[in-house]
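*Asks:* Sequence order for the protein chains is A and B. Just so you know, this note's numbering puts 48 at position 48 of the first sequence, and the rest follows in order with no gaps. Just so you know, this note's numbering puts 114 at position 114 of the second sequence, and the rest follows in order with no gaps.
Hints in this document: simulated from the structure, not taken from any laboratory. Note that CB positions come from ideal geometry on N, CA and C, so glycine has one too. Please note: incorrect hints may appear among the correct ones.
Claimed, not checked - Pulled from the structure, derived: some chain B residues nowhere near chain A, Cβ distances all over 10 Å:
| # | residue |
| --- | --- |
| 1 | D8 |
| 2 | L56 |
| 3 | F63 |
| 4 | D85 |
| 5 | V93 |
| 6 | T95 |
| 7 | I101 |
| 8 | H113 |
What the hints assert, rightly or not - Part of the chain A face toward chain B, derived, beta carbon under 10 Å:
| # | residue |
| --- | --- |
| 9 | N28 |
| 10 | A31 |
| 11 | Q37 |
| 12 | S67 |
| 13 | R68 |
| 14 | G101 |
| 15 | G108 |
As the list claims (entries may be wrong) - Derived DSSO-like pairs (lysine-lysine); straight-line CA-CA distance at most 30 Å:
| # | chain 1 | residue 1 | chain 2 | residue 2 |
| --- | --- | --- | --- | --- |
| 16 | B | K49 | B | K68 |
| 17 | B | K49 | A | K57 |
| 18 | A | K71 | A | K57 |
| 19 | B | K49 | A | K70 |
| 20 | A | K9 | B | K68 |
| 21 | A | K9 | B | K61 |
| 22 | B | K49 | B | K61 |
| 23 | A | K9 | A | K57 |
| 24 | A | K70 | A | K57 |
| 25 | B | K68 | A | K71 |
Take a look at the letters that make up each chain.
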Amino acid sequence: DGGITQSPKYLFRKEGQNVTLSCEQNLNHDAMYWYRQDPGQGLRLIYYSQIVNDFQKGDIAEGYSVSREKKESFPLTVTSAQKNPTAFYLCASGRASAGLGEQYFGPGTRLTVT
Amino acid sequence: AQSVTQPDIHITVSEGASLELRCNYSYGATPYLFWYVQSPGQGLQLLLKYFSGDTLVQGIKGFEAEFKRSQSSFNLRKPSVHWSDAAEYFCAVGTSGGSYIPTFGRGTSLIVHP
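Looking at chain A on its own, in the form it has when it is part of the complex (with noise of 0.2 Å):
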C-alpha cells in the first residue's frame, strides 16, 4: 500500500537535545511538507521540499533543519534551539503539479521534551 509513514508515533527528549523525526513516502511525490500542530492553532508550516536536494523555510522554521537527500524522505531536525519543541508534528507529501495543494498525511509524530 502508498502511503507516508511517521516514526516514532512518541518521542521523549530531554532539553538541550536535538531529535530527528523521520517521514518517508512511497506515493512518488515530488513535494514534501513537515508541519507543526498546537491544540487551538491548526497547522503551521515549518519546511517544505519540491525537489531533491532543495527545500524552503516555512512560517516558523527557526530551531529546525530538514535534508532531502532522496525523494522518498524527508527527515526533520528539532534542535535545541526551539524554544518551545512539544508539540504534534505531521509530515505530507503532494504532487508538484502547480496549483494543486492536494496532500497526503502521515499518521503524525508527538514531542515531548522536558
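Position chain B relative to chain A; hints supplied.
*Replies:* Below, chain B without anything else, positioned relative to chain A:
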C-alpha cells in the same frame, strides 16, 4: 495571498442530525478547495476536493460540499451524523499558480452527542 476562515471553533450535534461546517476563502482566481478530517492523535485524511466542474462535490464517509463562488464558500455537509464523525475538520485552499502549498483554516472541532 489566499486565506481561509472557518468561523466555528466547535460544533455540537446529536447523532443522526444533519451537519454543516462553514468555510470561507479569499482568493482572486478560481481556487482549489479541500476538506480534511483529523481524528484525535492522527494525521489528516482528505474527505473531498473541488477543482472545477460540478459545484456539488461528493466525498468519502457520506460527506459532500458545495462550492459557491458568489459567497466565496465551500461548506461541508452530511445529512446524518454518526458518533464516529467526531473529529477535527480542516478546510484548505490551493491556488492556480506557483506555490504547491495550500492554506489551511484553523479547524472546526465536531462533537457528537448520543
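*Asks:* Determine for every hint whether it applies to the structure shown.
*Replies:* Going through the hints against the structure:
At roughly 13 Å, the least C-beta separation between D8/B and chain A is larger than 10 Å, which holds for a residue marked as non-interface. Distance check for L56/B against chain A: the nearest CB is about 19 Å away, which clears 10 Å, and the non-interface claim stands. With a least CB separation of 16 Å from chain A, F63/B remains clear of the 10 Å interface cut-off, as annotated. For D85/B, the condition that its CB be more than 10 Å from all CB atoms of chain A holds, with the nearest at approximately 18 Å.
Here V93/B does not stay apart from chain A, with its beta-carbon only about 7 Å from theirs, under the 10 Å limit. Non-interface call for T95/B relative to chain A: violated, since the shortest CB-CB distance, roughly 6 Å, does not exceed 10 Å. With a closest Cβ-Cβ approach of about 6 Å to chain A, I101/B is found to fall inside the 10 Å limit, against its non-interface label. Every CB of chain A lies more than 10 Å from the CB of H113/B, the least distance being 22 Å, so the non-interface label holds.
A least Cβ separation of about 15 Å between N28/A and chain B goes past the 10 Å threshold, and the interface hint is therefore violated. Of the supplied interface hints, the one on A31/A holds, with its beta-carbon coming within about 5 Å of a beta-carbon of chain B, less than 10 Å. With a cut of 10 Å, the hint placing Q37/A at the interface with chain B holds, because the nearest CB-to-CB distance is about 9 Å. Annotation: S67/A was flagged as interfacial toward chain B, and the flag is violated, the nearest CB pair being 19 Å apart, outside 10 Å.
Interface restraint check for R68/A: the shortest CB-CB distance to chain B comes to about 14 Å, outside 10 Å, so the restraint is violated. Given hint, G101/A at the interface with chain B, holds; its Cβ is 2 Å from that chain's nearest Cβ, closer than 10 Å. For G108/A, the interface hint holds, since its Cβ comes within 10 Å of a Cβ in chain B; the closest pair sits about 5 Å apart. Distance hint between K49/B and K68/B is fulfilled; the C-alpha atoms sit about 14 Å from each other, no more than 30 Å.
For the given pair, K49/B sits about 27 Å from K57/A by alpha-carbon distance, which is consistent with the 30 Å threshold. Annotation: proposed proximity of K71/A to K57/A holds, straight-line Cα distance about 18 Å (limit 30 Å). Between the alpha carbons of K49/B and K70/A the distance comes to roughly 29 Å, so the proposed pair stays at or under 30 Å and holds. The suggested pairing of K9/A with K68/B is violated, with an alpha-carbon distance near 39 Å, which exceeds 30 Å.
Note on K9/A and K61/B: the hinted pairing holds, with a Cα-Cα distance of about 26 Å set against a maximum of 30 Å. Taken as a hint, the K49/B and K61/B pair is honoured in the structure, with Cα atoms around 14 Å apart against an allowance of 30 Å. Restraint check for K9/A and K57/A: the C-alpha separation of about 24 Å stays at or below 30 Å, so the hint holds. With a C-alpha separation of about 18 Å, the suggested pairing of K70/A with K57/A holds against the 30 Å cut-off.
With a C-alpha separation of about 37 Å, the suggested pair K68/B and K71/A falls outside the 30 Å cut-off, and the hint is violated.
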